[in-house]
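With chain A's structure known, arrange chain Z on it following the hints.
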Amino acid sequence: MVCAVISLGVGAVSIGLSEIVGLLTESASSTTTSTDRSILLELRLPRIFSAILVGASLGAAGVGFQGLFRNPLADPYVIGASSGAGLGVTLAVTLGFQAGFLGFNGIAVAALLGSVSAVAIVFTIGSLSTDRSPLSLLLAGVALSSMINAIVSLLMFLNDEKIVVILSWLMGSLAGNDWQAVRSTAAASLLGIGLLWVMARPMDANLLGEQAAQSLGLDLVKFRILVVVAASIATSAAVSSAGIIGFVGLIAPHIARYLVGPRHLWLVPTSSCIGATILIVSDAIARTVVAPAELPVGIVTALLGCPFFLLLLKTRSPIGGVHA
Amino acid sequence: MSPLVAQELSFAYANQSILDRVSLELRAGEVLVLLGANGAGKTTLLQTLCRQLRPDSGVVLIDQSDIRKFKPRSLAKTVALMPQQENRDSQLRVIDVVSLGRTPHTGWWLPLSQKDHEIVKQSLEITGLTAFGDRRITELSGGEWRRMILARALTQHASILLLDEPTAGLDLKYQLDVLTRVQRMARECKLTVVLTLHDLNHASIFGDRLAILSDCKLLAIGTPREVLQPSLIEQAFGVPVTVIDHPIHGTPFVVPLYERESLYKRGAER
Numbered sequence: 000m001v002c003a004v005i006s007l008g009v010g011a012v013s014i015g016l017s018e019i020v021g022l023l024t025e026s027a028s029s030t031t032t033s034t035d036r037s038i039l040l041e042l043r044l045p046r047i048f049s050a051i052l053v054g055a056s057l058g059a060a061g062v063g064f065q066g067l068f069r070n071p072l073a074d075p076y077v078i079g080a081s082s083g084a085g086l087g088v089t090l091a092v093t094l095g096f097q098a099g100f101l102g103f104n105g106i107a108v109a110a111l112l113g114s115v116s117a118v119a120i121v122f123t124i125g126s127l128s129t130d131r132s133p134l135s136l137l138l139a140g141v142a143l144s145s146m147i148n149a150i151v152s153l154l155m156f157l158n159d160e161k162i163v164v165i166l167s168w169l170m171g172s173l174a175g176n177d178w179q180a181v182r183s184t185a186a187a188s189l190l191g192i193g194l195l196w197v198m199a200r201p202m203d204a205n206l207l208g209e210q211a212a213q214s215l216g217l218d219l220v221k222f223r224i225l226v227v228v229a230a231s232i233a234t235s236a237a238v239s240s241a242g243i244i245g246f247v248g249l250i251a252p253h254i255a256r257y258l259v260g261p262r263h264l265w266l267v268p269t270s271s272c273i274g275a276t277i278l279i280v281s282d283a284i285a286r287t288v289v290a291p292a293e294l295p296v297g298i299v300t301a302l303l304g305c306p307f308f309l310l311l312l313k314t315r316s317p318i319g320g321v322h323a
Numbered sequence: 000m001s002p003l004v005a006q007e008l009s010f011a012y013a014n015q016s017i018l019d020r021v022s023l024e025l026r027a028g029e030v031l032v033l034l035g036a037n038g039a040g041k042t043t044l045l046q047t048l049c050r051q052l053r054p055d056s057g058v059v060l061i062d063q064s065d066i067r068k069f070k071p072r073s074l075a076k077t078v079a080l081m082p083q084q085e086n087r088d089s090q091l092r093v094i095d096v097v098s099l100g101r102t103p104h105t106g107w108w109l110p111l112s113q114k115d116h117e118i119v120k121q122s123l124e125i126t127g128l129t130a131f132g133d134r135r136i137t138e139l140s141g142g143e144w145r146r147m148i149l150a151r152a153l154t155q156h157a158s159i160l161l162l163d164e165p166t167a168g169l170d171l172k173y174q175l176d177v178l179t180r181v182q183r184m185a186r187e188c189k190l191t192v193v194l195t196l197h198d199l200n201h202a203s204i205f206g207d208r209l210a211i212l213s214d215c216k217l218l219a220i221g222t223p224r225e226v227l228q229p230s231l232i233e234q235a236f237g238v239p240v241t242v243i244d245h246p247i248h249g250t251p252f253v254v255p256l257y258e259r260e261s262l263y264k265r266g267a268e269r
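Protein chains in written order, with numbering that gives the first Met the number 0: chain A, 0 to 323; chain Z, 0 to 269.
With the rest of the complex left out, here is chain A:
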């Protein structure tokens, strides 16, 4: 909350704390201009809500994938969900796909389809390997991500007139998210996070291994499908709103585990909050360091996230509870 309020004030145009409070509480002081009001209410506020939803979705999706694969390295980016969603978005942009579904716009639907398909392929390939270990699944994800990224590059090469639009998705940015975009992201984001939260206890059982989960009455096939779908919905909500943003889905679950332990009942909401905070802060930095221009937020999350993550690894090993 504090980060969100501070973030409202920073950017190409600085707005003081008292003006922000005045505007938010509808008691605008005489110093508040209509431009400030417009910047705050029509640009920054929806952008910050988008950052909250995108960060929370990535944080929850990271917990889902790490829990499902029982691997602390799994995150939407590594496992192929983000790349799949990115391919979906690229195809939607190049083919001009517009068909919405249940209130989601065409881009969001394409991101969801791409994300679910990529994770389903990873799971199928990983399951067909002889040892069926989570590591095989992860390697399958890394391989598929590389292939998808190559296809995305090819599509950009063949459609150079749309390269700027596609690149803005792939580099990750929260710019241009209005209230309509927030509403569209909110539905998918809350659905994905909610589904993952509901799966908290099955994910706890899955931490003990497939045999244990099965002997406790867990239907593994349904469980995997539900987690993949839920985490993919959350990922695609994030990708369709802000493009591909790496690292948040990886580090938010680790920090959350450090704070609240490995039980998913606490892990899912905590990781969501941490993901949201990371993205608010990263977006504020992205808007200010080269103002009036902006950095893609994905670059900031990676630049900030990596040293922080390495510091966490050094101070606490093994992290959390998928090892963790």
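Watch out, some of these pointers could steer you wrong.
Unchecked claim - Rough simulated footprint, nothing fancy, chain A against chain Z, three-plus residues with beta-carbon under 8 Å:
1. 27-37
2. 89-98
Claimed, not checked - On the chain Z side, residues computed to face chain A include the following (Cβ under 8 Å):
3. Arg72
4. Ala75
5. Ala79
6. Ile243
7. His245
8. Ile247
9. His248
These are computed hints drawn from the structure, not numbers from a lab.
Here the structure is a predicted model, which is why all the values come from computation and not from measurement.
Ideal Cβ placement from N, Cα and C applies to all residues, glycine included.
Coordinates of chain Z only, in the frame set by chain A:
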């Protein structure tokens, strides 16, 4: 009515036969001990009895119903498995893991009731883990970890308990403690228990019936006195033995006949 029946179970891993037409019929309140050399198929048999593995042929019946027709939760309410190994690198606490044993009853979404918490507490007491509730499972010794898995299986309150080497890694006190409690629970609560052991003399004392697996087949099944025959044991384990009466219990007591040197020679010949 027999609570657990296995009919003509066959199973192979990559064309290598592990079980070949194995049949068993268990009674309520009975403890059946599975014996056999390493790799004889004991764990595979237990896994087919709880549907963790699908046999290539044959069928498992629980209360005369085909096990394949059970929904996962209703199967977990009826059959609890204590596996030999599972993922141990989770940072979950002992109480979290043991509490998961109640999920077949509560479902995956509802919180545990007061009664469920009582059952968890009892299981921790039975396995001597009351003081370990808040400990991370990565901090447990091998024996403590096995007791925790047993506690989780007991928490399931299933009428059929399948225990894969429940005494492995336990010191003598806990070996006897676990086996005595399992035997008592089977009698008092009419539980059907199938467990695997390597100690033939523990099997003799605590098993109502014993079954020996050898060369993928059920070599013998019956009372300890019927099964613990020197010829059968030598056939299954490749070790000559003599069987005397236990001085206190009067049960068959197996004494291996070997000298260290001859054992080494035998190993070298193989």
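Structure-based check of each hint:
1. Beta-carbon proximity to chain A at under 8 Å applies to 0 residues in the region 27-37 of chain Z; the threshold of 3 is not reached and the given coverage is violated.
2. Under a criterion of three residues with beta carbons nearer than 8 Å to beta carbons of chain A, the stated coverage of the region 89-98 of chain Z is upheld, 6 such residues being counted.
3. The restraint placing arginine 72 of chain Z at the interface with chain A holds, with a minimum CB-CB distance near 4 Å, inside the 8 Å limit.
4. A hinted interface residue such as alanine 75 of chain Z counts as satisfied when its beta carbon comes closer than 8 Å to some beta carbon of chain A; here the least separation is about 3 Å, so the hint holds.
5. The interface hint given for alanine 79 of chain Z holds, since its Cβ lies 7 Å from the closest Cβ of chain A, which is under the 8 Å cut-off.
6. With a least beta-carbon distance of about 39 Å to chain A, the hint placing isoleucine 243 of chain Z at the interface is violated under the 8 Å criterion.
7. Given the 8 Å rule on beta carbons, the hint for histidine 245 of chain Z is violated: about 34 Å separates it from the nearest Cβ of chain A.
8. The restraint placing isoleucine 247 of chain Z at the interface with chain A is violated, with a minimum CB-CB distance near 36 Å, outside the 8 Å limit.
9. Nearest Cβ of chain A to the Cβ of histidine 248 of chain Z: about 33 Å, over the 8 Å cut. The hint is violated.
Checked against the numbered hints above, the structure violates hints 1, 6, 7, 8 and 9; every other hint is satisfied.
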